[in-house]
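A.B. asks: If you're matching them up, the sequences are chains B and X in order. So the mapping is simple: the working numbering equals the position in the first sequence, first residue as 1, plus 69. So the mapping is simple: the working numbering equals the position in the second sequence, first residue as 1, plus 69.
Calculated from the structure, these hints are not laboratory results. One thing to keep in mind: the hints can contain errors.
As the list makes no split between identical chains, a pair holds if one copy fits it or if it spans any two.
Derived DSBU-like pairs: lysine-lysine, alpha-carbon spacing no greater than 30 Å straight-line [claimed, not checked]:
(1) K210 with K93
(2) K119 with K210
(3) K160 with K76
(4) K210 with K160
(5) K210 with K77
(6) K119 with K199
Protein chains: 2
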Amino acid sequence: MNTVELKKLNSIYTDSGSVFHFIKNTDTDFLVFGECYISEILPGAIKAWKLHSLQTQNLTCIFGEIEVVTYDPSEGNDNGVSSFIINNNSKYSKIIIPPNIWYGFRNLSDHLSLILNITDIPHDPSESSKIAYDSSKIPFKW
Amino acid sequence: MNTVELKKLNSIYTDSGSVFHFIKNTDTDFLVFGECYISEILPGAIKAWKLHSLQTQNLTCIFGEIEVVTYDPSEGNDNGVSSFIINNNSKYSKIIIPPNIWYGFRNLSDHLSLILNITDIPHDPSESSKIAYDSSKIPFKW
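Bound-form chain B, shown alone (with noise of 0.2 Å):
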C-alpha cells in the first residue's frame, strides 16, 4: 500500500504532566522497528523534501505544531500534494508515510517544535533522496 494515513492519537491528563501515546507493537498498523530518533524544527524553519525508497515513517508532533507537505509522484501534479497538521494537542496524530513518498515539513509555531519518528528500517543513505525545499520537481510552495 502506497497512501499516507493520519491516525489521531491519546493522551492521558495528569496534574504532574501528561502521557502521550505514540505506537505499539500491538497497533494493527505496526510494521516493525527499526529505528527512532528526534527532529528540532527551529522556529521559521522548513525541512524538506526527502524521499525513502524502501523505508517506512511514523512520524509525530510531541512539542509545538507543525506542517507535514507530502508528494506522490505517481499521483502526478494535480493530486499528488497532501498537507496534514500536527501538535500535541487537538491535533495529536501520527502520519504513516510509505516509501517514494516525498515529504517535508514545516514549523508553525512561534518556538521550537519537536518531531519524533519511528521508522521500519534504521538510517541508511542508500535508500534515501533529499532535494532542496525549493525544487520544481514538486508542485507545492512553502
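Put chain X on the given structure of chain B with help from the hints.
C.D. replies: Relative to chain B, chain X alone:
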C-alpha cells in the same frame, strides 16, 4: 542482568534544528520493541515511584532536564539508590532500567521537560506497581 545503565547518545547539529539519535534495532543493547510513549513532566513535578516486574525501560530526556532516581531493592538501603541527570544537551543519554527496579523522575528545568520511553512490552497494569513518591519503602528523599 539487573543493572541500571546510562549510555551517552549522539545528536547532529543542523541550522534548521538538531537531530537526536535514540534507538536502532542494530544497537547491541536493543531487546525488542514493545511500546513508545512520551511523558511530560511539569516544572517542580516529581513522577515516582514505579516498578515493572517484566518490562524494561529505555528512557531519555528530549526537552528540558530531568533527574532519574532508581532503587534496586535487592541491593538494600545502603547501596540500592542511584541518581542520573539527563538533558538534550551535554548530558544527552539513555537510561536502561531492567525489571524489578523502582524508578522515578524529577524535572530539574524551569519549564516543561519531556521524557521519551521505549519499552520491550506494551503497557500492562498487571506487571506494574506504583507507590507514593515519599514512601518510606525507598531510602531516598526527593
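A.B. asks: Look at each hint and say if it fits the structure.
C.D. replies: For each hint, the structure was consulted:
1. K210 with K93: neither (35 Å within a copy, 34 Å between copies)
2. K119 with K210: Intra 15 Å, inter 48 Å, cutoff 30 Å: intra-copy only.
3. K160 with K76: Answer is within; shortest intra-copy Cα gap is 10 Å, inter-copy 33 Å.
4. K210 with K160: within (23 Å within a copy, 38 Å between copies)
5. K210 with K77: For K210 and K77, only the intra-copy Cα distance (27 Å) is at most 30 Å; the inter-copy one is 39 Å.
6. K119 with K199: Within one copy only: 5 Å inside a chain, 43 Å across chains, cut-off 30 Å.
This entry does not satisfy hint 1, going by the numbered hints stated previously; all others are met.
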